Amino acid sequence: MTETDTTLQGDALSVIELFPQHEDWSLQTMRLLAQVAVGGSDLFECARTAARIGTQTTDPQTWQREWSRTAKETAEAGHAALEAGNITTGRRALFRSMSYWRHSEFFLSPTDPRRNEAYIEGTRNFQKAAELTGGLIERISVPFEGQTMDGYVVRPDASGEKRPTVLMLGGADSWAEELYFLGGTEFPARGMNVVMVDTPGRGSSLRFKEMYSRHDYEVPVKAVLDFLAERDDIDMDRLGLAGVSFGGYYAPRAAAFEPRVKAVAAWCGTWSILTDFYEYYPPLQQQLQWLSGSKDDAQAREKLARFTLDGVAEKLDIPVYVMHGENDIIMDVEGARRFEAALTVEDATADYYGGAGSLHCNYDYLAVAAARLADWMLHRI
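In this text, residue positions in the sequence shown follow the working numbering: the first is 91, and each later residue adds one.
Mixed in with the good hints, there may be bad ones.
What the hints assert, rightly or not - Within a straight-line C-alpha distance of at most 30 angstroms, the following computed DSS-like cross-link-like pairs (lysine-lysine) qualify:
#, residue 1, residue 2
1, LYS218, LYS299
2, LYS385, LYS352
3, LYS385, LYS312
4, LYS162, LYS299
5, LYS312, LYS352
6, LYS162, LYS252
7, LYS312, LYS299
8, LYS218, LYS252
9, LYS299, LYS385
10, LYS312, LYS218
11, LYS312, LYS405
12, LYS162, LYS218
13, LYS252, LYS385
Derived from the structure by calculation, the hints contain no laboratory data.
Since this is a predicted model, take the numbers as computed values, not measurements.
From just these sequences and the hints, can you work out the full model?
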């Protein structure tokens with residue numbers, strides 16, 4: 091196996107810790123701050139919201155109240171701009187409002203009705219903004235098991251030209267819309283389409299259709315690829331698959347059983363979701379119970395035990411890219427190393443970020459990590 095295993099040190103670990111009293115609040119807010127460069131948020135809107143929350147409280151109600159306030163105020167400014175004929179200003183504000191709505195609901199219980207409110211308002215704002223991109227972002231609905239999976243095709247331009255395409259899979263209920271700012275803009279910037287869909291266990295499929303996550307993720311991925319095959323702007327001979335966070339399981343699993351995929355990237359490699367995620371990071375156990383359709387811890391453990399790349403990794407016969415942060419507190423980096431070690435393909439690349447970029451999903455070096463992923467994919471599909 092020809093393999094590049096790189097530990098990228100960069101600068102020493104340096105983070106923006108707006109909430110020193112709460113590690114998870116700080117980490118998730120760095121996820122939001124990482125999207126400033128591509129219009130997913132604004133640094134000073136985030137800073138002002140953090141100042142209202144303060145550095146003393148750990149009350150999730152305060153968190154939800156203040157981030158939803160910022161989401162509403164940003165959307166109001168966006169709609170005012172649109173009414174005044176300032177389309178670009180309005181579109182950008184609505185995009186940011188989506189991000190703040192998503193951020194506001196992160197620490198709520200799955201049964202809290204404010205999760206649905208945040209999702210409905212946030213996705214509505216994103217969809218309005220998407221309509222104002224001149225055809226660059228198109229909403230799609232993929233038929234699947236008697237229902238539909240909602241999503242988007244994002245193109246480099248509105249020409250309709252057939253292009254190489256990357257299907258990007260999110261993680262533990264990351265919204266399809268967020269993927270646009272979590273690396274999704276990098277592919278169109280390099281002449282590729284990117285497709286983002288609420289596959290089972292995520293977004294509208296989880297909230298409103300009871301499509302729970304499943305270990306055989308090649309099944310929903312096949313449905314998406316079947317849908318894309320009917321489009322004139324998708325080059326089905328040049329298809330890539332990339333998975334973020336939990337998607338670091340979804341993507342390799344699907345690619346191992348889907349021959350149309352020509353290259354796959356695990357942005358957070360993993361081996362076993364049960365041990366490398368569920369047991370490794372207890373704060374998200376309730377979320378993983380919800381997205382797997384489990385009634386309790388015992389049932390979640392039983393279901394998630396099937397989410398493993400044991401017996402799957404060696405089936406991959408296409409280029410594979412693994413990327414992970416050395417200080418990831420959410421998904422165990424050792425799972426990525428175990429997955430990498432099990433690969434038998436000739437073209438396998440692994441990047442481990444040991445300094446800048448060492449957090450989960452390389453939030454603290456997102457501009458670099460996402461660019462490296464897109465460059466890698468461009469040369470392989």
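Inset, instruction - Would you list, in rising numerical order, the hints stated earlier that this structure does not obey? - result: The structure conflicts with hints 2, 6, 13, although it agrees with all the remaining ones.
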